[in-house]
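In case you want the letters, here they are:
Protein chains: 2
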Amino acid sequence: MKIVDFIPFESVTLTDGFWKDRFDLNKNVSLSNVRKRFEESGRFDALRFNYAATGKKPHFFYDSDVAKWMEAVAYLLEQDPAGMREHENLCEELIDCMEHAQREDGYLNSEHQQIDPHLIFKNRDRHELYCAGHLIEAAIAYHKTTGRDRFLKIMERYCDLIERVFLVEGSAEFMTPGHEEIELALIKLYRHTKKEKYLTMARFFLEMRGNNEKDKPIYEDNLFGSQDDVDIRHLEHANGHCVRALYLYSGVADLAAETDDALLFENLEKVFSDITNGKLYITGGVGSTPTTESFTVPYDLPNRTAYTESCCAVAMMMFASRMRKLSKQAKYGHLCERVLYNAMLSSTSLDGKSFFYENPLEIALEEYGREVAVPRRQHTRLPITQRLEVFHCSCCPPNINRFFAHLGDYICVDEGDSLCIEQYISAKLDTPHGSIIIDEEFARNGKARITSTDYVAKTISIRLPEWCKKLTASLNGEHITPAIRDGYAYFTVDESFVLDLDFGISLFFVSANPCVRENVGRMALLRGPVVYCMEGVDNGKRLNRIEVSIDALQDATESPDFHGLYSVSLPALRLKENQALYFDASDNTYDFVRIKCIPYFAFANRGESDMLVWMRRHK
Amino acid sequence: MKIVDFIPFESVTLTDGFWKDRFDLNKNVSLSNVRKRFEESGRFDALRFNYAATGKKPHFFYDSDVAKWMEAVAYLLEQDPAGMREHENLCEELIDCMEHAQREDGYLNSEHQQIDPHLIFKNRDRHELYCAGHLIEAAIAYHKTTGRDRFLKIMERYCDLIERVFLVEGSAEFMTPGHEEIELALIKLYRHTKKEKYLTMARFFLEMRGNNEKDKPIYEDNLFGSQDDVDIRHLEHANGHCVRALYLYSGVADLAAETDDALLFENLEKVFSDITNGKLYITGGVGSTPTTESFTVPYDLPNRTAYTESCCAVAMMMFASRMRKLSKQAKYGHLCERVLYNAMLSSTSLDGKSFFYENPLEIALEEYGREVAVPRRQHTRLPITQRLEVFHCSCCPPNINRFFAHLGDYICVDEGDSLCIEQYISAKLDTPHGSIIIDEEFARNGKARITSTDYVAKTISIRLPEWCKKLTASLNGEHITPAIRDGYAYFTVDESFVLDLDFGISLFFVSANPCVRENVGRMALLRGPVVYCMEGVDNGKRLNRIEVSIDALQDATESPDFHGLYSVSLPALRLKENQALYFDASDNTYDFVRIKCIPYFAFANRGESDMLVWMRRHK
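In order, the protein sequences belong to chains A and B. Each number in my numbering corresponds to the 1-based position in the first sequence with 9 added. Each number in my numbering corresponds to the 1-based position in the second sequence with 9 added.
Calculated from the structure, these hints are not laboratory results. Errors might be hidden in some of the hints.
Identical chains share a label here; the pair holds if one copy fits it or two copies do between them.
To be verified - The calculated lysine-lysine pairs, modelled on DSS-like cross-linking and capped at a C-alpha distance of 25 Å, are: (1) Lys362 to Lys11; (2) Lys204 to Lys131; (3) Lys585 to Lys478; (4) Lys628 to Lys467; (5) Lys585 to Lys628; (6) Lys206 to Lys29; (7) Lys628 to Lys11; (8) Lys279 to Lys456; (9) Lys65 to Lys11; (10) Lys340 to Lys45; (11) Lys204 to Lys29.
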């Protein structure tokens with residue numbers, strides 16, 4: 010396999026535009042707000058190891074929440090040391106505490122040390138290795154940015170213990186963790202330290218999964234829950250808890266890259282297809298049931314009870330971008346684009362302060378009152394309708410913090426002999442082949458300009474968006490028809506060039522496979538990469554009363570009034586309310602209305618409201 | 010209130026036709042088949058009180074199963090003593106056993122006496138009074154038909170104990186039973202014996218419900234479950250377990266009739282409207298969730314997970330016909346007709362041998378494989394797709410047995426000064442006003458003939474079906490335009506008359522209220538009283554791919570080939586299968602097909618198959 014790498018975020022400076030706004034919002038608002046809520050909820054206290062003094066009981070995954078937040082700070086220190094000073098001080102305080110609290114043998118976990126020492130390495134689903142993994146990732150980031158290795162050394166000492174307990178002695182009561190993460194972290198640690206043993210450890214945890222008798226399934230009778238159904242050499246389907254699954258596949262992709270293992274890549278291709286052929290929401294979200302937060306079976310994509318955790322968006326970016334490193338296929342970038350503009354952005358409120366855990370594709374507020382008639386245990390789990398600043402299980406907010414902090418990582422691939430632009434995000438990239446500037450209004454008008462004055466690689470390729478029907482390109486002001494192969498356009502350029510790209514953005518309706526029962530007879534509106542939705546606040550209650558014809562596009566109007574993008578107005582029919590429960594079908598009457606659609610990611614920013622992505626199709 | 014009665018089934022002889030076929034099927038096949046399965050499963054052994062000898066452990070509601078079967082036998086003895094001889098012998102055997110086993114103090118319950126004597130009158134949800142009620146109803150029927158009062162005396166002794174324990178001493182650990190039934194039975198016993206104390210007992214159980222501190226809710230946190238949310242003087246909504254609820258409302262209606270209590274009637278009117286305005290399936294079934302077998306909230310009418318227990322069809326007939334006794338309104342007969350031709354008939358296979366417990370309005374076989382990916386505890390309860398001969402909870406089959414055995418009870422009301430035909434069922438009725446013969450092809454061609462040679466009441470009224478747009482009537486061969494008031498047509502007749510009625514049957518599509526989310530954009534096909542469905546066996550897999558236009562009726566063809574009724578062929582569009590998960594909506598392609606629709610009640614008689622009542626509407 011030809012294995013490539015993305016230009017790392019350290020070499021990328023986002024410049025003014027749609028994504029820089031989101032990057033800044035994360036840096037300036039979200040990160041501080043998560044800090045506040047974590048301070049209030051005792052999450053930092055957990056790693057201060059002060060339970061005896063404060064009585065604030067840590068939860069067994071608090072360390073991972075804090076670790077992800079620290080990782081975000083570490084990434085942002087790179088670009089804004091002054092702005093991050095206060096956060097850096099907190100990190101140093103926490104590192105002090107960890108150094109002080111770490112057990113003689115290297116063990117480090119705030120909950121197990123303070124509350125449940127008798128459970129150390131006893132229970133597969135208590136997230137010890139998951140917490141360790143996130144702390145390792147944070148420590149690596151912190152070392153890279155600050156050059157200070159105290160945190161890293163703490164985690165290396167902990168790794169020594171993990172190696173002894175799991176690989177040497179086999180004395181833990183499980184072999185692989187209930188929640189994947191350590192695998193990724195260990196490979197990252199191997200890459201950072203070049204110490205072979207970390208690769209060996211990662212390989213152990215990856216290869217033992219589904220391949221040993223010791224591990225008990227997380228969900229009683231269900232091997233899929235934490236990917237115990239098959240071992241990685243027989244992977245075919247995306248199964249079980251989605252975040253755990255995608256972390257596993259990312260780890261396997263890393264192992265494939267490090268060991269040049271084509272079988273692992275082929276298996277991951279099957280998994281990737283299994284997702285994109287039947288288990289992917291149009292928003293790029295995954296997870297069809299909230300009860301086990303898991304993948305289910307192809308075409309089972311309910312909208313109101315969609316789970317589509319925000320962490321899945323983060324994890325999908327990890328998996329798809331790793332696949333791109335193993336193989337130049339446009340589908341990986343297509344999926345990243347879908348996730349970025351939809352499932353990822355919807356996770357955060359437009360003011361940057363609050364977050365969704367689940368990101369549903371439909372909200373019908375009426376349904377939230379329906380449960381009164383049945384006992385509480387029997388209630389359907391319906392997602393919350395407004396974002397919150399912190400959750401009991403608050404894994405998503407700091408995961409979003411760290412994602413946006415290294416957004417630069419996903420833009421451009423260095424293929425050794427040239428560059429390949431995967432995502433159109435305004436930025437200045439310092440690459441081994443020269444500096445590249447991307448200037449985009451991609452989601453706004455489907456255009457991007459790529460320029461350089463010192464590009465030495467002679468060719469550059471760009472990913473053609475999935476929705477692009479016709480690319481109009483000009484090089485240095487001259488219209489040009491590039492070679493197009495497998496979803497990429499190839500340009501021959503001089504050292505200094507200005508490449509203008511127009512992907513021909515337009516509104517279009519998408520149908521789902523007829524096997525997706527929830528979407529039969531329905532369409533979703535998109536504009537380029539952006540999925541649209543209707544909200545009750547614009548369109549009244551009971552959005553399913555509305556029918557839209559595919560011809561409505563001819564009479565659509567776009568208004569550039571929605572947070573940098575367009576809202577869309579369309580003619581539609583709305584079924585009149587009717588008192589009768591059943592009535593002659595020829596008595597249906599409609600109002601001719603215009604409906605307003607907004608980008609899906611912006612839903613639930615104007616108070617509680619009904620919301621609908623998949624509109625009923627008239628004709 | 011003017012309180013009237015139906016002509017009792019003892020005075021009604023069904024004559025050849027659609028319903029006589031069903032009556033005979035029940036008498037000749039279903040009853041014997043239920044007997045076989047009950048013998049095999051130890052249900053009769055329960056009442057033989059031979060657990061010590063056989064080791065066959067009775068369940069705590071086995072007595073009620075057997076009682077309903079005995080009640081059916083008692084009804085049928087009236088019309089076919091010779092044919093019922095074998096069943097009568099079994100009844101006598103069981104009565105011997107009960108007489109022998111009944112405790113000194115009158116207590117009689119096979120499970121509690123043999124297995125759990127320590128639980129006697131301790132647990133509200135162990136169906137002791139429910140079993141007692143069914144045994145009382147059986148004993149009354151048996152006494153009426155055979156004139157032998159042994160069984161009745163057993164039950165009267167038991168009633169003495171129940172009166173002492175519940176009304177006098179209050180020594181039971183609950184005041185009202187978890188499952189209603191005793192209330193109905195006691196009023197029937199009062200009517201049969203004229204002993205006031207049974208009315209007092211019935212009133213006690215009815216009035217204490219939702220009106221005392223002693224009763225604990227059946228479902229932990231939910232007062233609706235067994236109608237503990239309000240007392241009968243404040244009834245407004247249909248709530249909780251549907252069968253229990255409808256038995257309660259039937260009991261309240263009986264009490265209203267016996268005490269001429271207008272408030273109770275008004276409350277029941279609210280409950281009736283609550284059901285018909287938002288909680289009723291188009292088939293006449295009720296029950297929107299299988300998990301608690303209960304009503305939920307208006308417009309919550311899921312099709313695939315419809316509960317619509319067969320016992321609900323029986324209970325709805327009980328409730329609606331009782332309401333008709335209290336008030337001459339056509340809506341009660343409309344509902345009975347809807348239930349009869351749909352929810353009631355669907356309960357039994359066309360060969361009479363097997364039964365549905367739940368009667369769903371959609372089956373998508375694919376979904377039954379979907380659950381593999383989630384732990385068993387999290388599975389959605391999907392209804393079975395083929396009828397069974399017996400169930401663990403086999404309340405429905407003997408309830409259906411007894412229902413068909415006294416079908417004659419629902420046809421004609423004696424209003425004191427005239428008769429009113431409520432249901433068009435071919436029969437000869439001996440009434441105080443003379444003999445009436447109904448000869449119908451109601452569901453086949455929308456026609457009925459009513460004749461008499463000795464009718465002395467001068468006027469006769471008939472209920473106009475809800476779907477009848479234009480009645481064509483002729484009296485003694487002469488076209489006549491009757492007076493029509495509140496859904497009834499009134500005719501002045503001589504002693505001897507022939508009244509021909511043509512209700513103008515035709516195919517029509519029905520829409521559901523837009524608040525019923527499952528049916529938005531869908532239509533159901535009806536032909537007169539009969540709801541139609543599509544089956545996979547005729548129309549292929551994934552019936553939701555099919556779209557039908559309301560104009561399809563113009564090109565419909567009817568074939569008189571489906572068990573005495575018509576199957577219907579319609580032009581339709583079928584979405585072509587598509588490999589992609591998402592694709593441009595303008596790429597949808599259709600096949601022009603003809604679909605075959607059959608009466609809903611006949612579904613699942615040709616092997617496992619997809620099934621759909623609510624078809625997607627094209628335009």
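Outcome of the hint check:
no.	hint	in the structure
1	Lys362 to Lys11	neither (41 Å within a copy, 67 Å between copies)
2	Lys204 to Lys131	neither (28 Å within a copy, 70 Å between copies)
3	Lys585 to Lys478	between (38 Å within a copy, 24 Å between copies)
4	Lys628 to Lys467	neither (50 Å within a copy, 56 Å between copies)
5	Lys585 to Lys628	both (18 Å within a copy, 16 Å between copies)
6	Lys206 to Lys29	neither (39 Å within a copy, 83 Å between copies)
7	Lys628 to Lys11	neither (48 Å within a copy, 53 Å between copies)
8	Lys279 to Lys456	neither (33 Å within a copy, 62 Å between copies)
9	Lys65 to Lys11	neither (51 Å within a copy, 71 Å between copies)
10	Lys340 to Lys45	neither (39 Å within a copy, 62 Å between copies)
11	Lys204 to Lys29	neither (36 Å within a copy, 86 Å between copies)
In this structure, the earlier hints numbered 1, 2, 4, 6, 7, 8, 9, 10, 11 are contradicted, and the remaining ones agree with it.
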